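Engineer: Below are the chains, spelled out letter by letter.
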Amino acid sequence: MFVLIVGAGRVGSAVAQSMLAQGHEVSVLDHDPLSHERLDAGLASSWEETGGRFTVGQGIEVEALREAGIDDADVFIASTSGDNTNLVIAQVAQKRFNVSTVIARVMDPARATWYAEQGVRTICPTLQAISMFESAIVEVS
Amino acid sequence: MYVVIAGGGKVGWNLARELIDKGHEVTLIEQTRRRYLTIEEELEHAVQYGDATEMWVLERAGIQRAELVVAVTGDDEDNILICQMAREKYDIPRTIARVNNPRNRELFELLGVAPVVSATDLILRLIEHEVPSFGLVHLLDLHAERLEIVEVEVTPQAPAAGKRVSEISMPEGSLIISVLRKGAGFVPKADTVIEAGDEVLVVLDPGLEDGITDLFAVGA
Numbered sequence: 001m002f003v004l005i006v007g008a009g010r011v012g013s014a015v016a017q018s019m020l021a022q023g024h025e026v027s028v029l030d031h032d033p034l035s036h037e038r039l040d041a042g043l044a045s046s047w048e049e050t051g052g053r054f055t056v057g058q059g060i061e062v063e064a065l066r067e068a069g070i071d072d073a074d075v076f077i078a079s080t081s082g083d084n085t086n087l088v089i090a091q092v093a094q095k096r097f098n099v100s101t102v103i104a105r106v107m108d109p110a111r112a113t114w115y116a117e118q119g120v121r122t123i124c125p126t127l128q129a130i131s132m133f134e135s136a137i138v139e140v141s
Numbered sequence: 142m143y144v145v146i147a148g149g150g151k152v153g154w155n156l157a158r159e160l161i162d163k164g165h166e167v168t169l170i171e172q173t174r175r176r177y178l179t180i181e182e183e184l185e186h187a188v189q190y191g192d193a194t195e196m197w198v199l200e201r202a203g204i205q206r207a208e209l210v211v212a213v214t215g216d217d218e219d220n221i222l223i224c225q226m227a228r229e230k231y232d233i234p235r236t237i238a239r240v241n242n243p244r245n246r247e248l249f250e251l252l253g254v255a256p257v258v259s260a261t262d263l264i265l266r267l268i269e270h271e272v273p274s275f276g277l278v279h280l281l282d283l284h285a286e287r288l289e290i291v292e293v294e295v296t297p298q299a300p301a302a303g304k305r306v307s308e309i310s311m312p313e314g315s316l317i318i319s320v321l322r323k324g325a326g327f328v329p330k331a332d333t334v335i336e337a338g339d340e341v342l343v344v345l346d347p348g349l350e351d352g353i354t355d356l357f358a359v360g361a
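Line by line, the protein sequences give chains S and B. Take our numbering: the final residue in the first sequence is number 141, and no numbers are missing along the way. Take our numbering: the final residue in the second sequence is number 361, and no numbers are missing along the way.
Keep in mind the hints are simulated off the structure, nothing from the lab. Don't take every hint at face value.
[Said to hold, decoys possible] Pair by pair, the computed Cβ-Cβ distance ranges are:
1. S:G119 with B:Q205: 46 to 56 Å
2. B:A260 with S:I130: 37 to 47 Å
3. B:L251 with S:D74: 18 to 28 Å
4. S:D74 with B:W197: 49 to 59 Å
5. B:D262 with S:G9: 47 to 57 Å
6. B:G253 with S:A41: 33 to 43 Å
7. S:S135 with B:D282: 48 to 58 Å
8. B:R266 with S:I130: 11 to 21 Å
9. S:T126 with B:D232: 19 to 29 Å
[What the hints assert, rightly or not] Partner residues aside, some chain B positions facing chain S, computed with beta carbon under 10 Å:
10. D216
11. E218
12. E247
13. L248
Source: prediction; values computed, not measured. C-beta: ideal position from N, C-alpha, C; glycine also.
Make a model of the complete structure from these sequences and hints.
Structural biologist: Written as structure tokens, this is what we have:
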């Protein structure tokens, strides 16, 4: 599978590394050239030598998405630090490039829930944390 | 009319002031605390503090009863999302969005956010109007209707110069609707002779611009 990940923060870079280790083709797009260091971290050789791709560019710009290989992507992951950026580029991946699997990270539970109802697959770490806190409290009480 | 405006920058604040002066009810939403406090000194209860891409902030501003939502933040993603939620979640019939980066215009269209306003595009259009060497000036673009009106100054070398309207083979899907000559405009007839220096208004399907330039503005 070809996985395109936009946003190489903690989440994006970790998912990129594990997908590459599992034998998938992985391309990462981030506006910050320094985010490349996160992709190298812990690898025996560099990210590119290990087989990964990295492109510097804005996820909202169609040309940057193209350069990062969106036309061939089977999976699109929107994991930038901005909820709204993730929701916009996820919809672009779906509607413009017909990527079959599109997942967006959305911190705000309200937006994550509503957009999921509109057909955008979202992952909300905030909701996960809330339910983990709740069950942890239930366990001790 | 009740209007919710997202983004209290220069555009948003001035827009709010003008609309209030015209007797409309306005709520402006600004997410920077300092900016909010400055605006609040003038607009008082007509400005609220918060992130306009958060639903509870929109709902606190009474978006459900808004007749118009205007998204003029400095962030295109935010403007897209605000208008998308206004239309699809809150059933607001009318939205207006600001495009900060003209390259993002197609994303607004793709996600069904219309109409949009781009200051860069507007200024570019003025420049085209002021500098006729650009050849063709866009006067009106109706994207949804797929129709444009352009103005073009006829050059001496142009194939159309010195010809009757009936002799000019206009591209299929285009029509001369008016001629401006020596400061006066008129609707041409079939036997009107187009002269070099005339400004010709043409209505056309998008994509036919090059054909119009080849006929009227050769050497521009």
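Engineer: Could you tell me which of the numbered hints above are not met by this structure, giving the numbers in increasing order?
Structural biologist: 1, 4, 5, 8
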